[in-house]
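Each chain, letter by letter, is given below.
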Amino acid sequence: DTAVSQTPKYLVTQMGNDKSIKCEQNLGHDTMYWYKQDSKKFLKIMFSYNNKELIINETVPNRFSPKSPDKAHLNLHINSLELGDSAVYFCASSPETAGDTEAFFGQGTRLTVV
Amino acid sequence: KQEVTQIPAALSVPEGENLVLNCSFTDSAIYNLQWFRQDPGKGLTSLLLIQSSQREQTSGRLNASLDKSSGRSTLYIAASQPGDSATYLCAVSTGGSYIPTFGRGTSLIVHP
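Which chain is which? The protein sequence lines are A and B, in order. Numbered as in my numbering, the first sequence ends at 1519 without a single skipped number. Numbered as in my numbering, the second sequence ends at 333 without a single skipped number.
Because the hints were derived from the structure by calculation, they are not lab data. The structure presented is a predicted model; accordingly, all values stated were derived computationally and were not measured. Ideal Cβ positions, reconstructed from N, Cα and C, are used throughout, including at glycine. Take the hints with a grain of salt, since some may be wrong.
What the hints assert, rightly or not - No farther apart than 30 Å at their CA atoms in a straight line, the calculated lysine-lysine pairs in the DSS-like style are these:
1. A:Lys-1445 to B:Lys-263
2. A:Lys-1427 to B:Lys-289
3. A:Lys-1472 to B:Lys-289
4. A:Lys-1449 to B:Lys-289
Said to hold, decoys possible - Non-contacting residues of chain B with respect to chain A, defined by C-beta distances greater than 10 Å in every case (computed):
5. Leu-232
6. Ala-250
7. Gly-264
8. Gly-281
9. Arg-282
10. Asp-305
11. Leu-310
12. Ala-312
Said to hold, decoys possible - Below, a sample of chain B positions facing chain A; criterion: calculated Cβ distance under 7 Å:
13. Leu-283
14. Ser-286
15. Tyr-297
16. Pro-321
17. Phe-323
18. Ile-330
19. Val-331
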């Protein structure tokens, strides 16, 4: 019973395509995140979302958009994919309660744009 | 803006050594600090979470300490084993958003 699950695990696609990565958490957490891990393994926040607020890292291109059909899901949609979007994308979740914000991560989606 | 630095960037040691990995952060107004492990091609596994009111946490051979005032945390690994080889990441949650900010990690190799 995986706590945070992402699909697909691997995604290879051509430049210019539109793709989505799905994320689901069964922990009852209020907040979900998307991170991008670059080729140097640095994890950078892209989005933070709960039912009250979406926080966007200002460096994220507007081709990226989070979509949350319900509290347990936060999908990442990417339009007009570019070579530089190739990376590993991680979904995570945490409780919103102050002081209890332990984050749990999915296994990642390795996106390769060709 | 919170910045997290991890030193050293890479470490290679023989089996059995006791290790100290360092993490420093610029904004001491944190909610918590979390240490993760990442194996090659895998996701992140949470090792230890230290709340801002705590000084340390222990799990097995791992001990993490937190000194908020100086903006530092250390992860101590006792009696290292080859299975400890991985990248160790430090993440700090700050401010009203709780968003974890990561360091660039320490890549550890423990050779037999």
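Open item on the list: Please list, smallest to largest, the hint numbers that this structure does not respect.
Closed with: 2, 3, 7, 11, 12, 13, 14, 15, 18, 19
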